[in-house]
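Chemist: Chains G and H, in that order, give the protein sequences.
Residue numbering for the first sequence follows full-length UniProt numbering, starting at 1 and increasing by one per position.
Residue numbering for the second sequence follows full-length UniProt numbering, starting at 1 and increasing by one per position.
Source of the hints: derived by calculation from the structure; they are not laboratory data.
Don't take every hint at face value.
Since the list gives no way to pick out one identical chain from another, each pair is judged satisfied if it fits inside one copy or across any two copies.
Unchecked claim - Once the Cα atoms are required to be at most 30 Å apart in a straight line, the calculated DSS-like pairs of lysine-lysine come out as:
(1) Lys188 - Lys221
(2) Lys239 - Lys348
(3) Lys145 - Lys273
(4) Lys273 - Lys169
(5) Lys239 - Lys106
(6) Lys29 - Lys6
On a predicted model such as this, the values are computed, not experimentally measured, just so you know.
2 protein chains.
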Amino acid sequence: MENYLKEAKAAASTLATLSGEVKNRVLNKIADALVENSALIIEHNKFDMEEGERNNLSSALMDRLYLDESRIEAMAQAVREIAALKEPVGRILEGWVTDNGLRIEKVSIPIGVIGIIYESRPNVTSDAAALCFKSGNVAILKGGKEAQQSNEAIAKVIQKALEAEGLPKALISLLPDGSREGVAKLIKMDKYVDLIIPRGGEALIRFVNDNATVPVVKHDKGLCHTYIHKDADFDEAIKIAINAKCQRPGVCNAMETLIVDEAIAKEMLPKLKAAFDAESTKLLGDDATQKIIDVDAATEEDFDTEYLANTLSIKVVKDVDEAIAHIRRYGSGHSEAILTNNHRAAEKFLNEVDAACVYVNASTRFTDGGAFGFGAEVGISTNKLHARGPMGINDLTTYKYKVYGEGQIR
Amino acid sequence: MENYLKEAKAAASTLATLSGEVKNRVLNKIADALVENSALIIEHNKFDMEEGERNNLSSALMDRLYLDESRIEAMAQAVREIAALKEPVGRILEGWVTDNGLRIEKVSIPIGVIGIIYESRPNVTSDAAALCFKSGNVAILKGGKEAQQSNEAIAKVIQKALEAEGLPKALISLLPDGSREGVAKLIKMDKYVDLIIPRGGEALIRFVNDNATVPVVKHDKGLCHTYIHKDADFDEAIKIAINAKCQRPGVCNAMETLIVDEAIAKEMLPKLKAAFDAESTKLLGDDATQKIIDVDAATEEDFDTEYLANTLSIKVVKDVDEAIAHIRRYGSGHSEAILTNNHRAAEKFLNEVDAACVYVNASTRFTDGGAFGFGAEVGISTNKLHARGPMGINDLTTYKYKVYGEGQIR
């Protein structure tokens, strides 16, 4: 492991000085190579699919695993789109001259060596590789074991393309020991690795966070709320609530709890129930909710659960303060929305709720690098530090200060 | 410990919404209270001084510990200066409108609860408290045990001032259990604590980094190099080298190793030796250096040592590439300088050396929040993430995205 990481670290300085032109050419060659080698990749993917069948993977997981020519074309297209992004390295973030004439530039630079730990979908392998490469970072990738054969084939194709361009294959590689022990070692190698990004289940993320000495940017759970304030536009509020819950219930920016003002509960809850019934959403409610509509009880535990399913807890509150207090207690700091036409209530909510993204009159489903206009998404950070919320490619850079003097001493 | 931290976290939301006007008024009251209570603080400081004498603390440590009226006035003045800084919370860092009309603002907000672990000097207690308060963060302070009585007196004065303004004293407090075990607990409390800043010796920082589950911004060692390129202005280079080493040898931005181009070594090394001899600097050199001037051998270990003393290793190199390679191997990523009039050499060095601050023709001693113009310094980060190099008060904030919609759904 240590020799492997030494090579990775040594490769980082080569990569940091490549021009955008070279990086983009290499990325386009990688995209071509993926398409040209799709038969090989599909062949290896078949092994994973067969293994998945033997292990009775769910049909959802099997679908995420599956690759065919059009999916590989989409992977290649994603790499080309990453190549087309604005160069993230060398941006002058700030610049000024000190009183004694030092000219200081704060400039974006690559982070160094980044370890990305993720699950099943093999397209993440090429996405993560391209995002790291474009931002000048060496990528150490550790995918799910269900996709091991597919990931190895994809990585081999990418490494061959790197070598054909005269670049070391250490720039993009799969972690050689992908076991739990291998990961446990990797996350303690702060001498060689500059950042770990774990994407996956709560257990994986907790394990990485608790054991890493390398800095971690987590992609943790989203327990998101939508609060319908008494001054909301009722029809719009129902549309947003349905969208936030039902458009894709299994993702982190979907709503898990709906909060409704007591003053409008009698009018709104039956309308909401009708709309959610049409989407076959399972509804649970607190006492006040149960007095108005016929739903099962939402327990303390329900309000604390990220369902990742078409299930919704409902809570009735007195006012915006109680809504904010509920979110403070149960929210995961991911995405929270207020629906209202009341200016002061909206501003209070936006200012006082501590979350990566706070919305007024929109669906929490927009918390996403693509929807934010970042072009390609690294993920959604639930960290408070370094990067928070949707992460674009610029979040894979750090900075240095360049200081230009003319002989200044202290 | 858990109840104490729960209170701290609860207090964070109060503090996050205070206006700059209120925060500044409170900070000025704290400054007044420090001056008004200087007799009390000095009385407690005497206990620490007596204890220090019993424990045979060095005169340097005793001097750092000592407080009198003028030093307390300086502490109060530092708090007033922090109050006068530009409000760090609520800055709009970026803003844009997405294609579907969502208006997104990226806004600076407090981080939350910050634990700061530091050593001996009691003025750090009021400095750190004021920096955290101004940036809207709850401060949990853990000073050195040598200064325990002084720190307790200072914290008590600050807390009384907070309570007189109707604010909870949990906003600024000393960690109740300041033992190693207490620190070990604190740094695992990621449920309540958002950031740990350790400032101190290598052992403390390693302990915190290896055991924390809370994110850490380190203030680690500085093994800084100055490289005299063959096209340097020789007189200026000598002045800068002397300044970088001798002006204050015990600090992290002082030079530890001087690198000299082989083409100018015969001319420069004797001049440098004369200048350093006048400053009583102990010089060590590699083989090539020893052939030109009479100095002891610099070992592999010397090149890897942060002396924090008036000692300097000298290395002769062929060219800028070898200088960069040496810095890559031994540098700590803190501050590195090239002295040259050669444009390409300067740019190559600035671009390829990976350090928080890279200089051309200036002393590394300028790596400092004050010298950078940040007004007050939180410290100097040797992290690559969140904050790198001199940290100003803005580095004690994170951000949220405020998203203004008009009914948008996906």
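Chemist: Hint by hint, say whether it matches the structure.
Modeler: Checked hints:
| no. | hint | in the structure |
| --- | --- | --- |
| 1 | Lys188 - Lys221 | both (24 Å within a copy, 20 Å between copies) |
| 2 | Lys239 - Lys348 | within (23 Å within a copy, 56 Å between copies) |
| 3 | Lys145 - Lys273 | neither (41 Å within a copy, 61 Å between copies) |
| 4 | Lys273 - Lys169 | neither (56 Å within a copy, 46 Å between copies) |
| 5 | Lys239 - Lys106 | between (45 Å within a copy, 26 Å between copies) |
| 6 | Lys29 - Lys6 | within (26 Å within a copy, 54 Å between copies) |
When held up to the earlier numbered hints, the structure conflicts with 3 and 4 and fits the remainder.
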